[in-house]
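Counting in the working numbering, the final residue of the sequence shown is number 508, and the numbers go up one at a time with none missing.
Each hint should be verified, as a subset may be incorrect.
Straight-line C-alpha distance at most 25 Å; calculated SDA-like pairs for lysine to any residue [as the list claims (entries may be wrong)]:
{"no.": "1", "residue 1": "LYS290", "residue 2": "GLY164"}
{"no.": "2", "residue 1": "LYS225", "residue 2": "THR249"}
{"no.": "3", "residue 1": "LYS225", "residue 2": "LEU285"}
{"no.": "4", "residue 1": "LYS289", "residue 2": "SER251"}
{"no.": "5", "residue 1": "LYS483", "residue 2": "LEU428"}
{"no.": "6", "residue 1": "LYS359", "residue 2": "ASP464"}
{"no.": "7", "residue 1": "LYS159", "residue 2": "ASP404"}
{"no.": "8", "residue 1": "LYS289", "residue 2": "LEU428"}
{"no.": "9", "residue 1": "LYS485", "residue 2": "GLU260"}
{"no.": "10", "residue 1": "LYS393", "residue 2": "ALA259"}
{"no.": "11", "residue 1": "LYS256", "residue 2": "ARG312"}
{"no.": "12", "residue 1": "LYS393", "residue 2": "LEU314"}
{"no.": "13", "residue 1": "LYS253", "residue 2": "GLU429"}
{"no.": "14", "residue 1": "LYS359", "residue 2": "LYS485"}
{"no.": "15", "residue 1": "LYS198", "residue 2": "LYS393"}
{"no.": "16", "residue 1": "LYS149", "residue 2": "LEU314"}
{"no.": "17", "residue 1": "LYS149", "residue 2": "PRO311"}
{"no.": "18", "residue 1": "LYS400", "residue 2": "LYS225"}
{"no.": "19", "residue 1": "LYS359", "residue 2": "SER251"}
{"no.": "20", "residue 1": "LYS393", "residue 2": "ASP404"}
{"no.": "21", "residue 1": "LYS507", "residue 2": "THR325"}
{"no.": "22", "residue 1": "LYS290", "residue 2": "GLU260"}
{"no.": "23", "residue 1": "LYS289", "residue 2": "ALA227"}
{"no.": "24", "residue 1": "LYS431", "residue 2": "LYS359"}
{"no.": "25", "residue 1": "LYS482", "residue 2": "LYS290"}
{"no.": "26", "residue 1": "LYS431", "residue 2": "ASP323"}
{"no.": "27", "residue 1": "LYS359", "residue 2": "GLU498"}
{"no.": "28", "residue 1": "LYS393", "residue 2": "LEU160"}
{"no.": "29", "residue 1": "LYS128", "residue 2": "ASP276"}
{"no.": "30", "residue 1": "LYS400", "residue 2": "ALA294"}
{"no.": "31", "residue 1": "LYS393", "residue 2": "LEU168"}
{"no.": "32", "residue 1": "LYS400", "residue 2": "ASP262"}
{"no.": "33", "residue 1": "LYS149", "residue 2": "GLU218"}
{"no.": "34", "residue 1": "LYS129", "residue 2": "THR238"}
{"no.": "35", "residue 1": "LYS359", "residue 2": "THR325"}
{"no.": "36", "residue 1": "LYS393", "residue 2": "THR433"}
{"no.": "37", "residue 1": "LYS289", "residue 2": "GLY266"}
{"no.": "38", "residue 1": "LYS431", "residue 2": "SER481"}
{"no.": "39", "residue 1": "LYS431", "residue 2": "ALA379"}
{"no.": "40", "residue 1": "LYS507", "residue 2": "VAL466"}
Calculated from the structure, these hints are not laboratory results.
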Amino acid sequence: MRKYPQQSVCLLRDGEAASNQVTTDRRAAVASKLKTLSSSVSSSSGSSSLAAKKKVEELFRRLQPHSLVLSTEKLLAALRIAPKLFVNGEEMLSNAPPAATVAMAAGMGSRRPVSTTIAWRFKPEMGRFRYGMSLRYTPNDPELALSSLKDAQVLLTSSIMNTPRCLSLSIGSTLSSKSWKLVAETDRRVGLALYELPLGDWRASSLVALVWTKKLEVARFFLQFHTTELLFSAPPRPLQVRRDDDLDRTHGLHSYTTTISLRSLNELFWEREMYQVAFPTPEKGARTVSVQLLDNVHGGSVAARDRVLSSETGPSFKLETEAVKYAMDNCLVVDFTLWDADCVPVWGFTRVLELKATSSQQDEDEGDVDLSVSSLGGTASRLQMRFQDAVRGNELAINLTKLSRSKKDKIWVSRIDLVLSLEFINATFGTKY
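Throw the hints in and build the complete structure from the sequences for me.
Right, here's the structure in full:
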């Protein structure tokens with residue numbers, strides 16, 4: 076064995092010590108830089124959150140009826156709301172994630188600046204609509220059934236919230252198969268059905284389950300968000316409604332704005348905004364007031380083609396599982412919002428509503444006869460979707476006419492009736508009708 080002089084060994088150890096000292100110094104320098112960078116990122120994040128909060132406050136303050144679409148896009152871009160669905164304590168992965176935000180685009184290496192409005196632009200094919208949002212989830216457990224589903228939570232995060240927020244369910248903390256409401260069913264040979272559970276601070280959103288009817292096994296979950304409710308939920312924002320006005324004898328009955336859309340999970344069929352909606356003065360002893368949203372005052376004089384539901388393959392609620400693809404023609408998703416004179420949302424919902432046939436005599440009694448659309452060359456049938464809010468006493472009825480022909484069916488909106496309970500109006504506006 077070769078022996079080295081003691082001095083050489085000592086010099087080598089001194090070199091190792093020096094090298095170790097340099098390494099320690101470098102690590103300390105890197106740690107210092109990381110600490111500085113972390114502090115800088117934290118400071119930048121804090122300033123970014125503050126800037127987003129100021130922008131959100133200004134956008135809410137400047138809401139106007141004719142700029143609702145643009146304001147909604149800007150609010151979604153600024154808030155960057157990210158929902159997460161947990162079922163029985165397990166997070167479900169979305170099959171249609173929300174739009175990429177500016178931060179996500181930057182993280183993917185995009186060099187071109189991305190507008191905050193573009194980041195949340197209207198994209199039905201991805202489940203993002205102007206007045207609703209649809210997210211799809213596939214359960215990890217193929218044997219999960221409504222009877223074994225004991226807990227479901229929706230967590231929201233946003234750019235101006237420090238901690239996630241849990242959206243409430245309408246039936247308390249414990250779920251059972253009886254908690255779900257049957258919305259619509261497919262043909263018995265297919266064996267699928269849609270069940271619904273109200274969700275959110277206003278109960279305007281919903282969790283929809285697509286299940287196999289035999290054992291109620293869940294094939295898909297669909298989160299149907301009411302966009303306006305979502306904006307006011309992350310973080311929670313109180314609705315500042317102007318109470319009783321001594322100078323306005325019909326306060327709470329006029330200057331409403333309504334927004335409505337008929338769609339599926341990834342396709343928009345019809346959409347419309349109606350302005351200056353006014354209800355008549357309540358008659359003595361009446362409990363409700365009603366208005367037709369497509370009359371000559373609120374948009375009934377438009378061309379018939381503007382009432383037609385547009386779709387390349389015909390309006391339907393298309394479903395897909397690992398085993399089957401099916402298009403339900405007996406239900407649609409409806410997004411509806413009612414804004415008061417100060418552009419404050421006072422009522423709304425996003426629901427899957429069943430299409431039910433109505434009699435011709437009933438349509439004639441209600442005056443639902445559209446002479447501007449010919450039914451020659453086909454068979455016309457009358458359909459209706461109706462949403463009844465048992466808590467508030469309000470109601471929305473949408474009457475449709477379906478013309479069946481050999482090549483393609485044609486559906487158009489013939490009438491929309493909005494009914495508000497006087498109890499709801501008095502409670503909202505402090506009036507005494």
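The hints, checked one at a time:
no., hint, verdict
1, LYS290 <-> GLY164, "holds, 22 Å"
2, LYS225 <-> THR249, "holds, 6 Å"
3, LYS225 <-> LEU285, "holds, 17 Å"
4, LYS289 <-> SER251, "holds, 17 Å"
5, LYS483 <-> LEU428, "holds, 23 Å"
6, LYS359 <-> ASP464, "holds, 23 Å"
7, LYS159 <-> ASP404, "violated, 30 Å"
8, LYS289 <-> LEU428, "holds, 22 Å"
9, LYS485 <-> GLU260, "holds, 22 Å"
10, LYS393 <-> ALA259, "holds, 13 Å"
11, LYS256 <-> ARG312, "violated, 29 Å"
12, LYS393 <-> LEU314, "violated, 36 Å"
13, LYS253 <-> GLU429, "holds, 19 Å"
14, LYS359 <-> LYS485, "violated, 42 Å"
15, LYS198 <-> LYS393, "holds, 17 Å"
16, LYS149 <-> LEU314, "holds, 19 Å"
17, LYS149 <-> PRO311, "holds, 18 Å"
18, LYS400 <-> LYS225, "violated, 28 Å"
19, LYS359 <-> SER251, "violated, 44 Å"
20, LYS393 <-> ASP404, "holds, 9 Å"
21, LYS507 <-> THR325, "holds, 10 Å"
22, LYS290 <-> GLU260, "holds, 14 Å"
23, LYS289 <-> ALA227, "holds, 22 Å"
24, LYS431 <-> LYS359, "violated, 33 Å"
25, LYS482 <-> LYS290, "violated, 37 Å"
26, LYS431 <-> ASP323, "violated, 40 Å"
27, LYS359 <-> GLU498, "holds, 14 Å"
28, LYS393 <-> LEU160, "holds, 22 Å"
29, LYS128 <-> ASP276, "holds, 21 Å"
30, LYS400 <-> ALA294, "holds, 12 Å"
31, LYS393 <-> LEU168, "holds, 20 Å"
32, LYS400 <-> ASP262, "holds, 12 Å"
33, LYS149 <-> GLU218, "violated, 41 Å"
34, LYS129 <-> THR238, "holds, 19 Å"
35, LYS359 <-> THR325, "holds, 15 Å"
36, LYS393 <-> THR433, "holds, 23 Å"
37, LYS289 <-> GLY266, "holds, 7 Å"
38, LYS431 <-> SER481, "holds, 22 Å"
39, LYS431 <-> ALA379, "holds, 22 Å"
40, LYS507 <-> VAL466, "holds, 19 Å"
In this structure, the earlier hints numbered 7, 11, 12, 14, 18, 19, 24, 25, 26 and 33 are contradicted, and the remaining ones agree with it.
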